[in-house]
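**Q** Here is how the chains run, residue by residue.
4 protein chains.
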Amino acid sequence: MIIVLKANQPKEKVDSFIKKLTGSYDVQVNTWVGAHSTVLGLLGDTTAVDEEYIAAQEVVDSVRRVQEPYKKANRKFHPEDTVITLPGGQKIGGGTLALIAGPCSVESEEQICLVAESVKKSGASFLRGGAFKPRTSPYAFQGMKAEGLELLSKAKERTGLPIVTEIMSAEHLPLFDDVDVIQVGARNMQNFELLKRLGKLDKPILLKRGLANTIEELLMSAEYIMAEGNEQVLLCERGIRTYETMTRNTLDISAVPVIKRLSHLPVIVDPSHASGINWLIEPLAIAAAAVGADGLIIEVHNDPSHALCDGAQSITPDQFDSLAKKVNTVFGTVHSL
Amino acid sequence: MIIVLKANQPKEKVDSFIKKLTGSYDVQVNTWVGAHSTVLGLLGDTTAVDEEYIAAQEVVDSVRRVQEPYKKANRKFHPEDTVITLPGGQKIGGGTLALIAGPCSVESEEQICLVAESVKKSGASFLRGGAFKPRTSPYAFQGMKAEGLELLSKAKERTGLPIVTEIMSAEHLPLFDDVDVIQVGARNMQNFELLKRLGKLDKPILLKRGLANTIEELLMSAEYIMAEGNEQVLLCERGIRTYETMTRNTLDISAVPVIKRLSHLPVIVDPSHASGINWLIEPLAIAAAAVGADGLIIEVHNDPSHALCDGAQSITPDQFDSLAKKVNTVFGTVHSL
Amino acid sequence: MIIVLKANQPKEKVDSFIKKLTGSYDVQVNTWVGAHSTVLGLLGDTTAVDEEYIAAQEVVDSVRRVQEPYKKANRKFHPEDTVITLPGGQKIGGGTLALIAGPCSVESEEQICLVAESVKKSGASFLRGGAFKPRTSPYAFQGMKAEGLELLSKAKERTGLPIVTEIMSAEHLPLFDDVDVIQVGARNMQNFELLKRLGKLDKPILLKRGLANTIEELLMSAEYIMAEGNEQVLLCERGIRTYETMTRNTLDISAVPVIKRLSHLPVIVDPSHASGINWLIEPLAIAAAAVGADGLIIEVHNDPSHALCDGAQSITPDQFDSLAKKVNTVFGTVHSL
Amino acid sequence: MIIVLKANQPKEKVDSFIKKLTGSYDVQVNTWVGAHSTVLGLLGDTTAVDEEYIAAQEVVDSVRRVQEPYKKANRKFHPEDTVITLPGGQKIGGGTLALIAGPCSVESEEQICLVAESVKKSGASFLRGGAFKPRTSPYAFQGMKAEGLELLSKAKERTGLPIVTEIMSAEHLPLFDDVDVIQVGARNMQNFELLKRLGKLDKPILLKRGLANTIEELLMSAEYIMAEGNEQVLLCERGIRTYETMTRNTLDISAVPVIKRLSHLPVIVDPSHASGINWLIEPLAIAAAAVGADGLIIEVHNDPSHALCDGAQSITPDQFDSLAKKVNTVFGTVHSL
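Protein chains in written order, with my numbering: chain A, 8 to 344; chain B, 8 to 344; chain C, 8 to 344; chain D, 8 to 344.
Hints listed in this document are in silico derivations from the structure and should not be mistaken for laboratory results. A hint or two may mislead.
Unchecked claim - Heads up, incomplete: computed chain D residues facing chain C, CB under 10 Å, no partners named: (1) VAL56; (2) ASP57; (3) ALA62; (4) GLU65; (5) PRO76; (6) PRO145; (7) TYR146; (8) MET175; (9) GLY206; (10) GLU223; (11) ILE247; (12) SER321.
Unchecked claim - Cβ pair distances, simulated, as ranges: (13) C:THR336 / D:LYS26: 41 to 49 Å; (14) D:LEU50 / A:LYS20: 15 to 23 Å; (15) C:GLN16 / B:ASP33: 25 to 33 Å.
Where a beta carbon is used, it is the ideal one built from N, C-alpha and C, also for glycine.
Next comes chain A alone, as it looks inside the complex (with noise of 0.2 Å):
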């Protein structure tokens, strides 16, 4: 950490700040004087170090991080990928694409056993489901609760394929015994106190980016979780929030390198809520497919034009089986250069 101090300080205070430094924190301090401003370094752990009470200081014109504050998510700590492995064996990290499909909600055993069916056999080995979901209405479908993940596990049963359904609450946690991937959701991603509790379990917590979140942010969120013990993160990119209106949200693509270098956890993409839109979710999927990420999360829907949720951007099964083709070619061609 670069402390960059006001200029003309009288020295008594700045020896007092450095002082202040040791004692709180584990950290040396090497200080440069120039001519017109004096820079101090910190080394040693300075994740603890609180940028804001620094940059609060009288003496003090400005700080710069030159470590991340993130320790268990920091790929300089933990070179190699992490791979999650699921009770069923199913993978994600370490050199496949994961495919993790299925509607938006769960509206009915019929449907989400036909969906999961569907995409099982095109190689989908995850199904997605939403039982709690969070609506920006409180007058609309708010998903079928506790019954919906009654009926995910009725459809894990028929077809094997590991469940991935987002919480809204902790309280809700009893409900989420059979759930095998925990999902929080964009609107959640710096709800701190449902990622504590998430941080104690012992199953993989798929945490997607919010809306207007840096890459550092969901880093930081994913500490959380892990700083409490639970390592097994997966970060999903799912589109940020900018001035275009053309589509939903827009697709950070840099973000799957970007975070694939800065940590070790795997990285899937949902290109259904990045897009909003049915046509654009294949050309995204096979750009992830493309930039490495780890893993495609991606709504499919038997009928989307009768879904009760987010039907615009859901994709029918057979669409779905023709883009999972595409993405694994793409994937294997990426992968051989």
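Model the placement of chains B, C and D on the given structure of chain A, informed by the hints.
**A** Relative to the frame of chain A, chains B, C and D by itself:
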């Protein structure tokens, strides 16, 4: 709601779509057939009509709302300003400027009482203070939690100032009995499960706009609380995230008059989080008072450079005293224009 | 165009407004009277109808376009892809991937010729190189200007590669005779006077999307050029400005399939400016090839750490050679799917 | 400037880099060697040091400026406020609030004279009016051009109000002899060739902030004008582009106090373009006056619903009269605090 159909749709499909609309919702449908396209107009209560569901229909090209999707927060159905009155008689809304002040974090009994007494003398009618602190890093100070709430109660006992403090999880609600106004932070603006729980209370909720949420989404989140029965909602503009790096966030000052036109709920401005810089707080507070805000929430710390969080955006009690005089003068001048 | 009128407008006002519409534009107006509001539908060529003018009318509540405001750039009126063919036979569009490569700035005859020969060997069919450089600071290197253009001509003579270079003012046009493709930079995307002048040339124009311009605005700027007669426009996605700080810009990869659906013009991707980081260029180039881009424009410098500008986002000739092989493989794979 | 070097760089490379720095720029380099990294501090005039060039060096990890990259616009080197005085005695800056008012477009002699006389009576000291209009669509009204400038001159003759009008190309400069303040629109804020030409004039330039440009970039564009010799620059905040759709742009009210702290140049606010909605102009104008703006530029049209452009954001002369009284009262109140 105006629905533009795709060109050249077969009559049966259009008819069947219209039947579906009138069967599913309490609406009437008017059809206008043009040479190249057909437009449907929905009359009645369209708040329950799901735009995404409509947009996903095969025959539909695009959908536009004419009516706002919120009802209880809508000024159209509640033309007079909502005025919130606390048991102790303090008011927010209705032509006064409420000052809510206090430290980012409660740190000790001495600190919170000192600040409370001081801001009271300067004209604050509410005490703010964080006990549960949402921090980007799991390694940063997370607040004094339950103990912090107890210290806030002591300061309230001493000064009579009602308490405004943030909740981060519905599971903490039992600790909030003595809290007068419960704050929902920007990161939880779309934590819908939390909003629903707060909607069952009989206590004002101060709802902060999310980092990158639209004004309409803020109103929809208020609607979540109100739909459960709690109509005492205070909306708070605290700056939005943009590409500008000179300030922590960008205060959207237009949000104040825009929200007040769309809704009857009081609007509070938070210049501390909006700017992140202490010398900017006063001018932004004055701007907010000039533009019709019903209140200001401001971080005041007896010793900002030792604040355990957000010191850089705290002002001293003396600075608050001066600010309070100025904003009241400007508020008075503008109201008498 | 759909115009929603305000509620309860007197019939005379509405009639007079409709008369004004049919009198001013070559359109027919259909009126649909609902219980609470009246909706007008305009048929005919609405590209000349000014939305802002309509929105300002006393009786109008809101206006929505159904038809796109661009004509010449619109795929609806020109369903086949535009293929641009240079005098030397080089093509952009029509199922090939054009590689445009070269240094950020022309620095010397030796440098530009060395890079030109090298990128040609690797498969580039166009040479890029900046002579006039738009720099944020007036104190930064502004390019070799006229001399730079002369050196580009020498490199063209030596290699046969057509020149792509940026123009910053119409007054420099006389110097651009030997330039094959004139580039309009992001900062000048809405320099309409420049666009009009370029519209009078018989030479391809590579138009870069502005920092914060929508896809529709990009197409409207292309329309400025095309409306003057020059239909050889190449659209370039080069990243947009967001709140993310990890990359210089955020590559909007969705823009490629979206633009190709809306328009018949070729789409080029610039991964160098989109990322600003050399190790990100290859993955982004691969993503662009995978998603259907018609070309890539890439900064290549023989010695990036001595480049007079943008060195951090330049790759070496060797890296370009490797990249070229990979993007061609991926492009081939995707096109054969 | 602080340069953090990559870890474990060989001493020769570091030494050679330092030599390059002192050889290329008029700076001294201080080296601070830590256990894990080496930090260099540059002293002297670093405005000419190109950050990107430095960042591209093999041994460099990151670069941070400590000094601002602008000099002439920098308050540090010019502590007193710049006051701009027109030949007719009108002033901008120095404790007054200049009102600049007039129609979006000049439409006829009658119109411009009517509006000019009216806004003069209400206290405006400058007449604005567009002759060359930057429009997103080539099919929209582009302004009366040379004829519009002539009509502005007539209105000036009649009222004595100096003219503020936009230039879109340096080639039009010969027509601008009678123009008193030349405006550079948001879309041309980084049209550096135009800025350089305006820098050679002896006439105030009103420079509008670009749609998505930072405050620092605005100051750097001012620096382009000033570096050529023209120090009469007025900076204009006119709203930035965000994801919010309720307003045309988002007025960045913080920009006023931030710019005034960083620079000595006067700051003008344009509430008309910032909001795009006529009823929002008055509250935003009041906010701007309250926060210390040196002037306001406001669109006033005798008949907004017949305005040839931007009618939706124009107010009537009567509304302007009322607004002028209010902003002067608020400005007076705030200045006397």
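**Q** Take the hints in turn and mark each one as holding or not.
**A** Verification of the hints:
Contact between VAL56 of chain D and chain C, as hinted, is supported at the beta carbon level, the nearest pair being about 9 Å apart and thus within 10 Å. For the restraint placing ASP57 of chain D at the interface with chain C, the shortest Cβ-Cβ distance is roughly 5 Å, inside the 10 Å limit, so the hint holds. Interface restraint check: ALA62 of chain D against chain C, minimum CB-CB distance 4 Å, threshold 10 Å, status holds. With a cut of 10 Å, the hint placing GLU65 of chain D at the interface with chain C holds, because the nearest CB-to-CB distance is about 5 Å.
Interface restraint check: PRO76 of chain D against chain C, minimum CB-CB distance 6 Å, threshold 10 Å, status holds. For PRO145 of chain D, the shortest C-beta to C-beta distance to chain C is roughly 4 Å, which falls under 10 Å, so the interface hint holds. Given hint, TYR146 of chain D at the interface with chain C, holds; its Cβ is 5 Å from that chain's nearest Cβ, closer than 10 Å. A least Cβ separation of about 5 Å between MET175 of chain D and chain C falls short of the 10 Å threshold, and the interface hint therefore holds.
The interface hint given for GLY206 of chain D holds, since its Cβ lies 9 Å from the closest Cβ of chain C, which is under the 10 Å cut-off. A distance limit of 10 Å between C-beta atoms decides the matter here; for GLU223 of chain D the minimum to chain C is near 8 Å, and the interface restraint holds. A hinted interface residue such as ILE247 of chain D counts as satisfied when its beta carbon comes closer than 10 Å to some beta carbon of chain C; here the least separation is about 8 Å, so the hint holds. The criterion of a C-beta within 10 Å of any C-beta in chain C is met by SER321 of chain D, whose closest approach is roughly 7 Å, and the hint holds.
The hinted range of 41 to 49 Å is satisfied by THR336 of chain C and LYS26 of chain D, whose Cβ atoms lie roughly 43 Å apart. Look at LEU50 of chain D against LYS20 of chain A: about 22 Å separates their beta carbons, and that is inside 15 to 23 Å. A beta carbon spacing of about 26 Å between GLN16 of chain C and ASP33 of chain B agrees with the range 25 to 33 Å that was offered as a hint.
Hint violations for this structure: none, all hints satisfied.
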